[in-house]
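Participant: For this one, chain A is given, so just place chains B and C on it according to the hints.
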Amino acid sequence: MSPRRAETGGRIDRLRTIRFTFDGAAYTGHAGDTLASALLANGVTLFGRSFKYHRPRGLLAAGVEEPNALVTVLRGEVREPNIPATMVEIYDGLVAVSQNRTPSLAWDIGALNQLGGKLLSAGFYYKTFMGPVIGPLKGTRFWMFCEHFIRRAAGLGKAGTAPDPARYERMNAFCDVLVVGSGPAGLMAAKAAADQGVRVILADLEAHFGGSANWSDEIIDGMPAADWAQRAVGQLEGNDNVRLLPRTTVWGYYDGNTLAALERVTDHKETPAKGEPRQRYWAIRAGTVVLATGSFERPLVFPGNDRPGVMLAHAAERYAVEYGVLPGQRIALFTNNDSAYRSAVALKKAGATIVAIVDVRADISNDMRRLAGEAEAELLDGHAVIATEGGKALTGLKVQRFDALSGALSGDERSIHADSLLMSGGWSPTIHLASQAGAKAEWDPARQAFLPPKPTQRWIGAGAFTGSFSTAEAIAEGRAAGVSAAGGTAAPAALPTVEAAPGDPDPAPVFEIKAKGKSFVDFQHDVTAEDVRLAHREGFVSVEHLKRYTTLGMATDQGKNSNVPGLAIMAEALGKPIPEVGTTRFRPPYTAVSIGSLAAERFGDLKPERLTPMHDWHIANGATMYSAGLWYRPMIYGLPGETIEQAYVREAKATRESAGIVDVSTLGKIAVQGPDAAEFLDRVYTNMFSTLAVGKARYGLMLREDGLAFDDGTTWRLGEQEFLMTTTTANAGKVMQHLEYFLDVIWPELKVTVTSVTDEWAGAAIGGPNARAILASCVTGTAVDNATLPFMGIVHGRIAGVPVMICRLSFSGEMAFEVYSGAGYGTHVWQALIEAGKPFGLVTYGLEALGTMRIEKGHVTGAEIDGRTTARDLHLDWMLSKKKPFIGSAMMDREGLIAPDRLELVGLIALDNRPLNGGGHVVEELDEDNPHDSLGHITACCYSPALGKYIALALVKDGKARHGTRAFVSDPLRNRFGQVEIVSNHFYDPDGSRMHG
Amino acid sequence: MAEYSAFSLLKNALTGNKDWKPAWRKPDPKASYDVIVIGGGGHGLSTAYYLAKEHGITNVAVLEKGWLGSGNVGRNTTAVRSNYLLPQNTRFYEHSMKLWENLSHDLNYNVMFSQRGCLNLAHTPAQLDDYARRGNAMRHLGVDAELMSVDQIKRLVPALDVSGSARFPVVGGLMQRRAGSARHDAVAWGYARGADRRGVDIIENCEVTGFLRDGDRVTGVSTTRGEIRAKKVALAVAGSTGRVMQLAGISHMPIESHVLQAFVSESLKPIIDTILTFGMGHFYISQSDKGGLVYGGDLDGYNSYAQRGSLPIVDEVMSEMLALFPGLARVRMLRSWGGLCDMTMDGSPIITTGPLPGMYLNCGWCYGGFKATPASGWCFAYTIAKDEPHDFNAPFTLDRFYRGLIIDDKGQGATPRLH
Amino acid sequence: MLITCPYCGPRDVIEFTYQGDGNRQRPQPASQNLDAWNAYVYDRLNPAGDHNEIWQHSGGCRAHLRVVRNTITHEILSTEFARGGHKTESRS
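Chains as they are written, first to last, in numbering that gives the first Met the number 0: chain A, 0 to 996; chain B, 0 to 418; chain C, 0 to 91.
No wet-lab data here; the hints were simulated from the structure. Hints may be right or wrong, so weigh each one.
[Claimed, not checked] Pulled a few chain B residues facing chain C out of the computed Cβ check, cut under 7 Å: (1) 241; (2) 242; (3) 247; (4) 251; (5) 255; (6) 301; (7) 302; (8) 303; (9) 304; (10) 305; (11) 311; (12) 336; (13) 344; (14) 401; (15) 411; (16) 413.
[Said to hold, decoys possible] Here are the computed lysine to aspartate or glutamate pairs in the EDC-like style, where the Cα-Cα straight-line distance is at most 20 Å: (17) B:268 to A:107; (18) B:64 to A:579; (19) B:17 to A:505; (20) A:348 to A:498.
[Stated by the list, open to error] Not close to chain A: a few residues of chain B, all C-beta gaps over 12 Å, as computed: (21) 11; (22) 18; (23) 27; (24) 52; (25) 149; (26) 216; (27) 230; (28) 248; (29) 322; (30) 386.
We put the CB at the ideal spot given by N, CA and C, even for glycine.
The following block holds chain A by itself, in its conformation from the complex (with noise of 0.2 Å):
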């Protein structure tokens, strides 16, 4: 048996023994212990270093808001660093390392820190290192000098980059009635709503349920307070409406009564078992939230208050009592409330010799003093621990005479020998999800803490959460809560009774001892109480601006610890009562939360991918697919040892020379069907839509409110009410939001309905001089020629068995021809096509030949399109109707938009016959040093098999008046100058012959 461990006692399980690690040395510890009371059985004091002096640092907590004994904990390559070693529950094989500490902990380099000292107090970053105004160093060079080291000192634990191999799920959950937290108050709530046969969910972050049952010794209902939660847990588990979760930590109240939690599924195990993932996130949307979460003890301010052996006096009692550990041999209790002197009776109980209790109050109590009695303890009374001694452990304290409404010291100091000082100032409600829920926090000045403001959610509160510390309140306002929150009026059943240590729950005002020496407020980001005055002198005297300029509250710890001792340092500087600094806001988290829990099943699958129906096709017959998007498209079918460019001339040019066939079926394709569907399309596109027949598509130009051109697409008119609209494969979702938005807000009257069936069709586009032929050798049940089909035509027919609908149309330039079919026929009636084109020669081509065809055509797309051009920038204004108003021709004239400066689109042709750059600007006077004075910029660019040249799309100042000017591209971020001629954008075919053909 270790050192400090109890022979009996606590939940702890003696029979099983855990091996693991800690900075390499090997331990043992017990099934139920955390690591940190394991290595405290094991006589371990040291357990981290603080942040900025790297000083030495022992366990101050027992639970989550334990700010110094932070921790690495390794799985393999997997590292999670900044976990508090008092929330880590050990197993056989687990990895622990200390942090911020070089080399060792023990001996650790940045101590060296401390000699700084008064240097380093708060804000002396904002007073230096801005070095000389003139010279190498001027600027910010000199201060990044210093940051490069700053930044290589900081930061505590060591983030992996390997990928965590981990799984995380979400859950989403819905009850009537959420308790957090599960000691007397919480099990209460959840037993009174549990039986009102509401639906329950029971969360604490602890893995055992019970909160400060499992460690009072306290009498419940006849039976030691521990048995009692066991029992009422017992009947909990029972119920089918109730869920328990334990190792959940809820971190977040947010709108609409949604509550985030956080459970550790497996972390507490050496191997998950299988399908379990390692965390999961709970969200939590609950009629009625119980808050049950306790309060905290704050430590109490004086010089030497950090050192190892110095820690809160419950979570010595938690040691003692939950793990059978004792924090030291000769413990003395420092303590400014009567809660100390039930932990120095526990703690005696538990085997340990009580030196001392120094308590800061003159007038003890009868009930207390009798406590010290029985704890055998000396009883200081109108006392204060002025330091501490001892190195990296603590063998004694300096304690002197001290009246508590001055804070005067008086009298000769005495030193008292011990190894563990254990501290109490006071207890403040956990209030951090009601403060997160909205309200403010209220000041009540004889408990000296904040408690809970009025509920501006569906909240109720109950037990030391409303600052009533006894556990018979919190076994009453549990079942009360309990019971409104599950709408219920239970009778008046008698309550558990309560056998407890008498103790009143006002503490005496008192913070700090001002003595000599560092007195730490906020122990993991060294912040002393003198830190706190010089704010106050320098007038950083809200409480914002306290924590701001002396990161009071800022450390992992979020001020659990440290709030409210440092405003009650502050107000005591201005002479303000401590409301009148100002009350923090806390805000979600509560506790820190792993970023894989919150990204959950999206870890490693971002979004969704978007493959069309003939995406297995295009993979087996050597595409190079391009993300576009969601969407996945084929970019180039290169052939053996062929580069990009090679690829898609050679595509390109098959195709203007025999046929060629594309995957055209991620294009946005919306139904529009009813008695007012050509009305509206006449609303929405600039052109007119009811003059066009039945039978026959169209090319429109949409608007935006604004008059900037939005979206571009045919629309074909398959009846009287019924078109099918085409968009771009960016603008699909957009488009669709925006008509069904004029449909269901503006235009209400019109009888028209819009349904997205782009993931309906398949569609192929087959082009170029002998697409009718491989057309008409393949389509039955309609002729293809061009009385049938004539430019703009829509046909109905078959391919291979299967119903297509053609609409001749060209974006290529050729004589063209889109196949929908349906899309589970995608890849059939795209195979019977190719089949039919060998004979021909048809090529399939990819995004790359497609982006050739219609840069040689002149045709915009989304490049264009940005969202910051107008349809006469593009040479569209042809579109603009005069005969009807439509979305965006009120506003489509305005100054700006109209303007001789605007840029238009033209066409660029590079007279150095190398390749031009999308992005790259124009200029008329070539500057490669200083470039400056830019045109506009390419849009994009190819090669043209068509026309033997590098040429490119692009939106240039006045660009229609500079046709046949030349100019240079200007291209510094890749180098690339040239000379170009500016022409029009419309570089091949402009009469359109060979689609009209």
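Facilitator: Frame of chain A, contents of chains B and C only:
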């Protein structure tokens, strides 16, 4: 008031730091001023500072309803950059960048501006071309920009997943090396101290409750600390613009107030040495000198004055973070908070005279407010002093929307939540 | 935030797309009153308090809802179809 320096630190350390004086005074408001600046945030304070420094106008009060710097200057992710697409924005933000580069000296206050770069990741060749368009636009205005290859990016940020197997693989990026981050609170405090040293009254806990008017003209304000008159009344209240303008009887503005959340992780040893943005969503991240990863994403997406975020955005931001850094799944988010963004209809700001006589308006900072702080104050001070805009802010008028002279860097139109 | 869609019932905000200020009045399509158009496209009420706004249930039935929501507390006060009808008051 004492200059700050290594020497003054040492001297004060030797006397137990007892002699430090308040960084700024806490005066009571006077009955009248030449200029009242409403809003004691970054922009209001820098406006007051430059009014005093550049224009010799020192009879100035800055009125703050809460504590100084309680708005977005203390709630952002501290990025400073001038990597915009449109020349109006680039010129303005580059002017800001130049002020940033000398700001610590200018203020005698270390704002810790660290030019560790800002890298926009591209995930498709088309996106890289789009970034090249922007980078080249910057270069043609004399602003630094460069493209980075995947190998260069891998060397700069080893923790980033550039394996190519990601859902959105990294294919390159646009880097502005002069971009960086600063200590946000220090900017507010530095400007406050600088303005105070030049005689400006900074009045905290003083909420404006109405405007004093002589006909149309604004002649002062009524506040929770009494009426205060002024020849000129300037607004720099960011997310509260709608509320304050309503006090002046102007109910409609081309602005919506939205919540933007920000997050910080627990403190870690250095792992990310630049500002990084994700190209296939909305996510940005950097690491502070204390070691916390500071990051954020999209707006919550609806009008709000709550400074309180919603859960779906939390999940979205974390998911995008892990798409870039799958090794950080076990790092823990420590703190989150929400700021109010005054989103305009084109994503660009407003710095102008009017709209009422005697009034001057500075608002519409959308996401960009922190990095704009120096130039915003500098231009606003110029506009207030001269009653006309400087060239840098001449495009940022209120009537530009109506005249179609919109400055829409993202091309999203009049949908504020998308900017 | 939970929004009660008249079709689908109470649903999480993640299912909805915000479509902004519901007070805006679109001029008649043929109106040439540029001031009215500018006000409609660019001006917003943006109150700190109850706000009349349009949301689309884009992840559900895709109906547009007129929602009165408090921009300080985020409390939803009422919802109805934007085209009218099925109003639910939900101030607690």
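Participant: Each hint needs a verdict: does it hold in this structure or not?
Facilitator: Consistency of the hints with the structure:
no.	hint	in the structure
1	241	holds, 4 Å
2	242	holds, 5 Å
3	247	violated, 14 Å
4	251	holds, 4 Å
5	255	holds, 5 Å
6	301	holds, 4 Å
7	302	holds, 5 Å
8	303	holds, 5 Å
9	304	holds, 4 Å
10	305	holds, 6 Å
11	311	holds, 4 Å
12	336	violated, 16 Å
13	344	holds, 5 Å
14	401	holds, 4 Å
15	411	violated, 13 Å
16	413	holds, 5 Å
17	B:268 to A:107	holds, 16 Å
18	B:64 to A:579	holds, 16 Å
19	B:17 to A:505	violated, 34 Å
20	A:348 to A:498	holds, 17 Å
21	11	violated, 8 Å
22	18	violated, 8 Å
23	27	holds, 15 Å
24	52	holds, 16 Å
25	149	holds, 15 Å
26	216	holds, 29 Å
27	230	holds, 29 Å
28	248	holds, 27 Å
29	322	violated, 4 Å
30	386	holds, 24 Å
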